[in-house]
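*Asks:* All chains, please: the whole structure from these sequences, using the hints.
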Amino acid sequence: MSQHAPFDYTPQELMVVCAAREIKDGEVVFVGMRLPLLAFALAKRTHAPNAIGLFENGLVRDTPSSELLLTMGDAPNIAGAEWATRTGALMGLLAQGFANLGFVGGAEVDRFGNLNTSYIGDRAHPKVKLPGSGGGADIASLSGRLAIILAHEKKRFPEHVSYITSPGYGDGGDWRARVGLPRGGPAAVITTLAVLGFTADTHEMELRSWHPGSSAEEVRANTGWDLRVAPDVHETTPPTADELRIIRECDPQGFWTR
Amino acid sequence: MSQHAPFDYTPQELMVVCAAREIKDGEVVFVGMRLPLLAFALAKRTHAPNAIGLFENGLVRDTPSSELLLTMGDAPNIAGAEWATRTGALMGLLAQGFANLGFVGGAEVDRFGNLNTSYIGDRAHPKVKLPGSGGGADIASLSGRLAIILAHEKKRFPEHVSYITSPGYGDGGDWRARVGLPRGGPAAVITTLAVLGFTADTHEMELRSWHPGSSAEEVRANTGWDLRVAPDVHETTPPTADELRIIRECDPQGFWTR
Amino acid sequence: MSEKLMTMTEAIERFVPDGSSVAMGLALEPLIPFAAGHEIIRQGKRNLTLIGPISDILFDQLLGAGCVTKITAAWVGNVSEGLGYNYRRATERGEPHPITVEDHSNYSIAMALLAGALGVPYIPIRSLLGSDIARDHPTMRPHNSPLDGTPTLLVPALRPDVAVIHAQRADTAGRAHVWGGLGICEEAALAARGVIYTAEEIVPPEVILSDPNRVLAPGEKTLAVVHVPGGAHPSPVQGYYNRDHASFAEYHERSRTPEGFAAWLKEQVLDVPDRAAYLERLGVERWQALAIHTHLLAAPVDYGV
Amino acid sequence: MSEKLMTMTEAIERFVPDGSSVAMGLALEPLIPFAAGHEIIRQGKRNLTLIGPISDILFDQLLGAGCVTKITAAWVGNVSEGLGYNYRRATERGEPHPITVEDHSNYSIAMALLAGALGVPYIPIRSLLGSDIARDHPTMRPHNSPLDGTPTLLVPALRPDVAVIHAQRADTAGRAHVWGGLGICEEAALAARGVIYTAEEIVPPEVILSDPNRVLAPGEKTLAVVHVPGGAHPSPVQGYYNRDHASFAEYHERSRTPEGFAAWLKEQVLDVPDRAAYLERLGVERWQALAIHTHLLAAPVDYGV
Chain A
1 MSQHAPFDYT PQELMVVCAA REIKDGEVVF VGMRLPLLAF ALAKRTHAPN
51 AIGLFENGLV RDTPSSELLL TMGDAPNIAG AEWATRTGAL MGLLAQGFAN
101 LGFVGGAEVD RFGNLNTSYI GDRAHPKVKL PGSGGGADIA SLSGRLAIIL
151 AHEKKRFPEH VSYITSPGYG DGGDWRARVG LPRGGPAAVI TTLAVLGFTA
201 DTHEMELRSW HPGSSAEEVR ANTGWDLRVA PDVHETTPPT ADELRIIREC
251 DPQGFWTR
Chain B
1 MSQHAPFDYT PQELMVVCAA REIKDGEVVF VGMRLPLLAF ALAKRTHAPN
51 AIGLFENGLV RDTPSSELLL TMGDAPNIAG AEWATRTGAL MGLLAQGFAN
101 LGFVGGAEVD RFGNLNTSYI GDRAHPKVKL PGSGGGADIA SLSGRLAIIL
151 AHEKKRFPEH VSYITSPGYG DGGDWRARVG LPRGGPAAVI TTLAVLGFTA
201 DTHEMELRSW HPGSSAEEVR ANTGWDLRVA PDVHETTPPT ADELRIIREC
251 DPQGFWTR
Chain C
1 MSEKLMTMTE AIERFVPDGS SVAMGLALEP LIPFAAGHEI IRQGKRNLTL
51 IGPISDILFD QLLGAGCVTK ITAAWVGNVS EGLGYNYRRA TERGEPHPIT
101 VEDHSNYSIA MALLAGALGV PYIPIRSLLG SDIARDHPTM RPHNSPLDGT
151 PTLLVPALRP DVAVIHAQRA DTAGRAHVWG GLGICEEAAL AARGVIYTAE
201 EIVPPEVILS DPNRVLAPGE KTLAVVHVPG GAHPSPVQGY YNRDHASFAE
251 YHERSRTPEG FAAWLKEQVL DVPDRAAYLE RLGVERWQAL AIHTHLLAAP
301 VDYGV
Chain D
1 MSEKLMTMTE AIERFVPDGS SVAMGLALEP LIPFAAGHEI IRQGKRNLTL
51 IGPISDILFD QLLGAGCVTK ITAAWVGNVS EGLGYNYRRA TERGEPHPIT
101 VEDHSNYSIA MALLAGALGV PYIPIRSLLG SDIARDHPTM RPHNSPLDGT
151 PTLLVPALRP DVAVIHAQRA DTAGRAHVWG GLGICEEAAL AARGVIYTAE
201 EIVPPEVILS DPNRVLAPGE KTLAVVHVPG GAHPSPVQGY YNRDHASFAE
251 YHERSRTPEG FAAWLKEQVL DVPDRAAYLE RLGVERWQAL AIHTHLLAAP
301 VDYGV
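Residue numbers (the working numbering), protein chains in the order written: chain A, 1 to 258; chain B, 1 to 258; chain C, 1 to 305; chain D, 1 to 305.
Check the hints yourself; a few may be wrong.
Partial chain D-side listing against chain B, Cβ under 7 Å, derived [what the hints assert, rightly or not]:
no.	residue
1	I99
2	V101
3	A117
4	G119
5	P218
6	G219
7	Y303
8	V305
To be clear about the criterion: a stretch of chain D counts as covered by chain A if any three or more of its residues have a C-beta under 8 Å from a C-beta of chain A, and this derived list gives those stretches [claimed, not checked]:
no.	region
9	24-30
10	42-56
11	78-86
12	123-129
13	144-158
Just so you know, these hints were derived from the structure itself, not from any lab.
Every residue, glycine too, gets a C-beta built ideally from N, C-alpha and C.
*Replies:* This is the structure in structure tokens:
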């Protein structure tokens, strides 16, 4: 399967699979939107049947939605939730440390995993105004681990983001503890080219695996600084036929995955 | 009617009538327990049909309960409420200044309207341990006006209470503003012998009216300091036949009023 | 989703160890978990800290039985009758042993648990300023707001080890529907490290999940679910039974002296194996007198898609 | 209890004056009061401050129409499609005029409104520490907890002049049932100085009072109740209709240029007198395609006594 894999799936489908693999069975996962919605559904139906999903609109689900979601507030995501409460109450659980893992997307991520979803360029006269944090900054501040999902382009991987919407490791090391964040930090960055992690001490981003068809060189060439490479760097394990079948059952039109 | 009145009603019934008279039409009233429950029902059925009742267990009612209540949490007080929410959310409205008037009872009230419902005697080794604040201290802190209801006995009217559970005017004057209370203070003290108020400047208690059958002398003799008497002091207007009929419809067994 | 249904004996043995802090009576007068409280007494738990807004005689019973060394509450007594005699004996004479009392108001205890639920260190309130509750409290402290300098009282977060909540219905996965007077049930369930539900009915998950807005807290917070019909008697359960006022009056009379309380405790708790036996002792006639005489159904709600 | 039912025209004229702060889109993606927003545009309101968590294109429309000078929100865009072009034009090029933006996260905007609802000056959170949201915010400020010295971010209370909330049903006295995804509807309704409800159905008071736990806020907070079936389209209303994803995609395409947006606005808002005409324009077929195909009734609840 694996040698044909690159032709059997889209980059988005591989990203969903990589995201699902970050979810351990029994974990409480702050799901968020788009690809992680599919990753949560995939994990629940494969290796993490006891995972629990949190949504910032106030939902806790122990089953994935019965229909494809374009937003977390779509009616099928609310029907059958085990709790539909106030955003404040749900975020309070996140602040308590209730979420083992959180997912966020972003327009820019930097060397220390800081995310920008607010302003490209000068804050006062931005080149591009992005929608903003939503719950992303909270998920990044308060989850036990953070998984970041974005397209791998050099402009999206600057050495320093122009605006920190969602704190990663700041300038590295023990920055999170210094600023008072209670826990967490980025554990994985899942891109169209690779899966990246962070070193234990300096918390600098490093390449963990390149996707089939890509290479360490291509990943480094599309990163805005001299990207470290993990000693055990390897090729990303491609999706299995089962994983692809489930993803395509969840997103038959490929709204999020094509 | 009025000359026979003293023989037609109990002291509790007169206190309910005096309490009801403190409620203006359209006001939001923090009701509390016991006699004020009847006072709210009486006011709604006479001069204040648009009054709204708040209860610290999280209730807002625009109609009195259909049955006599022994506690605010009795099922008939919840059925037909216009809002049954969290105590925190309800108390938040009180903190915003939502309640025009609040009622509290107490074991001791002093010259400046401070109430004790906690400890008689030394806090460490109390002579009597009373149940405590409940919501009383909050009602006294945050209501627009406060009406206090208690039996008129010398021991219950010391010059200084041994413990301030519910703040009145502290040591008088602008004490409430000095300690940071946002508003309010006692407006009336309704007892078995009289109705008392507070002077505008020093906020010291003064006799406003003695109940039929009592006298300014009896009231002063049963008060633990040299009680001031309002210039326009007079006899308390007795209950009307209508008022008594309604009270007895609400409390046919006289659980609270006999 | 793990199975959390167990017996009352097991739930109390496993999740209410000696020395733990236990939040109970959180809906104020209704839904007081008397059955759970009586099992705590029968198991002879010691050195408990009881946390609640008011307690309508359950705290007084646990105090008299010697289970408690600390009370963190706004009010302890007998709502329809007045004082709690065991509370008086414990605080005035140190009987059966001395206790410490952390006085709150209903607003401050709600804010303490809300702060715990929100994962914030404290909530700054404008109530209780100038009161001796604020003066004497070991952890609340006055602090001028850094925003505008006005006085506030900081109410620190409170996180009970366990909250015991009586619900109308729950499923075996630990999700419960609670309705009527809610008091501080939600704040306590979310602030507590875990929740024990005692429930009038155990229902299939689809009943609970049919109304996610009515669920008190996520099942992941739940330690145990116990099926205890009548488990809140003599307090009321909206839609299930009314308050047994006479029981509160009877307790008030019989607990006036230590001897009277000891006799009451033996008869009503120690010699009663469980809630089923308790209700049998109460008698069918008295139980039926508390039954719902007028059913008042909530208007239908459609979560359809 | 005074009558609060009125037309949309009257409600917006009376209770959304130029320069006021208006909280909308409080349930996040569902229950967005588009009908009310479009009437605000038709009445040419100016200098509004919009307050909300995320806004699924309604804020973008109000920005493009020139009604807004300030945004206090966590996210402004098009949830299923991405960016909001009017938001970009306003912030990047000051078109149609410059605006100020107070960036929040969903947690901080919820805590700001909760502080307003609780009558407390601020809530100290441990989120956003080290972020540029915290650095640049005009009123949030870092402050070490006086209790233990740990860093917190103080989120000051926010009290909108008015909250506009679309509800499934309301009565003429101003009490509403809202269910499904709640977001920050309750915090905003309680923090706001007044609430305008737009409702799918107007029902007798006894329907609302049959389920007091489901009521969002007391009627005394209510300024107006407006009967607007379909008033949240293209956003979803649990149990009434689903999200019209195609409308969001269409808006995304057509609002790409100022000219495209102007044409969209004329066609969809300015030339449409009210929501009934809007739905007629949408067409029966398209409307029926959004209809609830599977009804999911909440389990019965008895408030009996």
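*Asks:* Hint by hint, which ones does the structure fall short of?
*Replies:* The structure breaks hints 1 and 2; every other hint is satisfied.
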